[in-house]
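S.K.: The listed protein sequences correspond, in order, to chains A and B.
For the first sequence, the numbering used here assigns the number 353 to the initial residue and increments by one for each residue that follows.
For the second sequence, the numbering used here assigns the number 23 to the initial residue and increments by one for each residue that follows.
Check before you lean on any hint, since a few could be wrong.
As the list claims (entries may be wrong) - Here are the in silico distance ranges between beta carbons for each label pair: (1) B:Cys31 / A:Leu852: 38 to 46 Å; (2) A:Phe828 / B:Leu69: 20 to 28 Å; (3) B:Gly32 / A:Pro630: 50 to 58 Å; (4) B:Gly70 / A:Leu523: 26 to 34 Å; (5) A:Phe865 / B:Gly70: 40 to 48 Å.
Said to hold, decoys possible - Here are the simulated lysine to aspartate or glutamate pairs, EDC-like style, with alpha carbons at most 20 Å apart: (6) B:Lys45 / A:Glu831; (7) A:Lys614 / B:Glu44; (8) A:Lys582 / A:Glu593; (9) A:Lys426 / B:Glu44; (10) B:Lys45 / A:Asp484; (11) A:Lys479 / B:Glu62.
Since the hints were derived computationally from the structure, they do not count as laboratory data.
Note that the Cβ used here is the ideal one computed from N, Cα and C, for glycine as well.
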Amino acid sequence: MKNPDEPVVLLIGQPNCGKSTLFNAMAGHKAQTSNFPGTTVQHTHSRVAIGGRTLNVIDLPGTYSLNPSDPAEKVALTHLFTERPDVLINVVDASILGRSLELTLELLDMGLPMIVALNMSDLAEKKGIQIDAGRLSARLGVPVIPTVGVHGRGIGGMIEAVLRCLDVPCLPLRSPRWSSAVEDPVGRLEAALPEDFPCVANRRFTAVQMIETGDSFCASFLEELRPELKRILDEVRATIELSRGLPAYEAVAAERHHLAQKIFEDASTVRRNLPRTPSERLDDVLMHPVLGYPILAAVLLGFFWLIFKIGGPLETLMLKPFSGLKAVLANGLGDGWLGHVADGLLQGVGGGAAIVLPYFLPLLLLMAILEDVGYLARAGFLLDTFMHRIGLHGKSVAPFILGFGCNVPAVTATRILESRRDRVLTSLLIPFIPCSARTTIILALIAYFLGPLGALGFYAANILLLAVLGRILSAFFKEDSPGLILEIPSLKLPRPKSVLLKVYIQLKAFVRFAWPLLIGGSILLSLIQFFGWDRTINVLLKPLTTGLLGLPAALGVTLIFGFLRKELSLLMMLQALGVAYADLPRVVSTEQMVVFTVFVSLFIPCLSTLAMLAKESGRKVALASAVLSLVVAVIVSVAVRLVF
Amino acid sequence: MIDLLQAPCGLVLRVVDIAGGEKVRRRLFSLGLHPGDRVECVSRGILGGPLIIRPGENGSTIALGRGIARKIIVEIVHEES
């Protein structure tokens, strides 16, 4: 498993302290960053060659403490305990040093070689906090390196410290101890741990973890296997609780908090009553109880208006050469199977380039900017009240907004939610968010042929549908949502590098996986048409297509392919009807266009989303989601038909 | 003593107790809100919206739903100046 020649370096820290940015600075841009606590929900590995050595650098999701309260934090801890790191880099947000040190103290207790990266030190100075890195290092016993990840400042020093630490392990001092009322009982439990007890990190750390986790720490196991130890654990916890008048975990947390506060005060000077910074003043407006809402509406409207304004003309421009090429091909290759395959190929390549990319690219770009600025958390705050109406709270807003880009990462992002109820409910609703694929269809069909207002109406109706569904679904969940606790990160200027990186990563995924699927699907449809199989499929689906939805029977086959990739339905629609894009209104009515868009948007989560749902929440939830979407799609489509 | 929801925004407050279950308490501790510490209510959303608070001396900014805010018992600190 572990290669002895490749030391493992683990980045760990609280959410949104800039681990991924530091990781990118070390590993050369591999992880996605953003300004929202909990962006990294999975770990990222990277082999980095520095100074003739290869390091295995691992970026972990942020965790507030070593007692996890959501699945993303659990990922961090599992890796911390199983990767056997040679060096830990504890990334610390210098602008909130007091709180960040609480995790640092927990990590020191593990007794592993460690370096503290004092990140965002520029932001701390702006807030009037001057930190003496030398003093802090003396108090903690490990090297402290001031860094500014976004500007790459201090990275060289950090890497040097890591290399030094690999040669001569920079072990923490005997960790700073707590007051005797807590320390003595900890010592008693530590001494009582049998020699062969499966310790994590070291005996003291294990003892503290046992006291803190208390009943949830395999208590029943312990009862059965080591009744004596269980008795001592209970006694020790009772001693602490009696002397402090607090639950044991709280007494330990309080000790840690006071120690962290003391170290913070000792190592830093704080200037008070500084004038509010421009970003703080901007925040006052963005999160203003009244003004915040029109701004939010303007941001979201501007978002789609821009995508349409950039995408529309681009689409018109790009379509021309492809329709020319199509005519040339049709003349040159005739009506044989070769002609069909070539037509399918062109349809797939051209559709991807001319219809999908013009909308997809600006959407990715704007989304990345919105994320980087830190607006998602503000939107979460502003929309909390409305989310309560549908049985959720503001923290679900970020996965929802991410869903406008792609539903797949949105489902993964539900890991930031603390309760399973919220995660399942949010995951069931995400497939109803029109992702970039569906936005392409909406813009290419509704906005292009019916005008931007039509598309806007479509979006509004879609969001209303989401709200109604949320309301209905939440009635099925007995418990209540625990309520919103969300850290609001500081506003930051979007950095071109990280925005472009994010666009690049997603674009690469599109070109690699989705586009080939579009091309393959188009060619497959050509062949199906060539052999005449489409007629059989269309006849089978006729009750649905013409009966319920009132669509041309020829579209039946396209719906099936929409399961692979929603845009495929759009490209195939043209192919199946045998018309050029601009001639579409001649063969389908406005009503049919709207019904088609509604049905394709809603009818089933695409294959990748469904797979992710199954992975994150289990097959039952994925199945429920598929059935739910199908039922909702039919009901809404029929309703739309009746209205027209 | 009042809960954070009733407390006036803009004054310096001190957390007396967090009257919630272990999960909520742990979450709030880890975000830097501890009994005995100062806390500032920055603003309060309209229509039952969440509160914006800043715990501790140099804490971060945190949005709290009303249900959670109701569980946080505070007292007003009278600054002698």
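S.K.: Now tell me if each hint is right for this structure.
M.R.: Structure-based check of all given hints:
Against the hinted window of 38 to 46 Å, the Cβ-Cβ separation of B:Cys31 and A:Leu852 comes to about 40 Å, which satisfies the hint. For A:Phe828 and B:Leu69, the Cβ-Cβ distance of about 26 Å falls inside the hinted range of 20 to 28 Å, so the restraint holds. Taking 50 to 58 Å as the suggested C-beta distance range, the pair B:Gly32 and A:Pro630 does not conform, at roughly 21 Å. Taken as a hint, the range 26 to 34 Å is violated for the pair B:Gly70 and A:Leu523, whose Cβ atoms sit roughly 51 Å apart.
The hinted window of 40 to 48 Å between A:Phe865 and B:Gly70 holds, with their beta carbons roughly 43 Å apart. Pair hint B:Lys45 plus A:Glu831 holds up; C-alpha atoms about 15 Å apart against a cutoff of 20 Å. For a cut-off of 20 Å, the pair hint linking A:Lys614 to B:Glu44 is broken: about 26 Å separates their Cα positions. Between the alpha carbons of A:Lys582 and A:Glu593 the distance comes to roughly 16 Å, so the proposed pair stays at or under 20 Å and holds.
A distance of roughly 18 Å separates the Cα atoms of A:Lys426 and B:Glu44; the hinted pair therefore holds under the 20 Å criterion. Between B:Lys45 and A:Asp484 the CA atoms are separated by roughly 35 Å; this puts the pair beyond 20 Å, and the hint is violated. Note on A:Lys479 and B:Glu62: the hinted pairing holds, with a Cα-Cα distance of about 17 Å set against a maximum of 20 Å.
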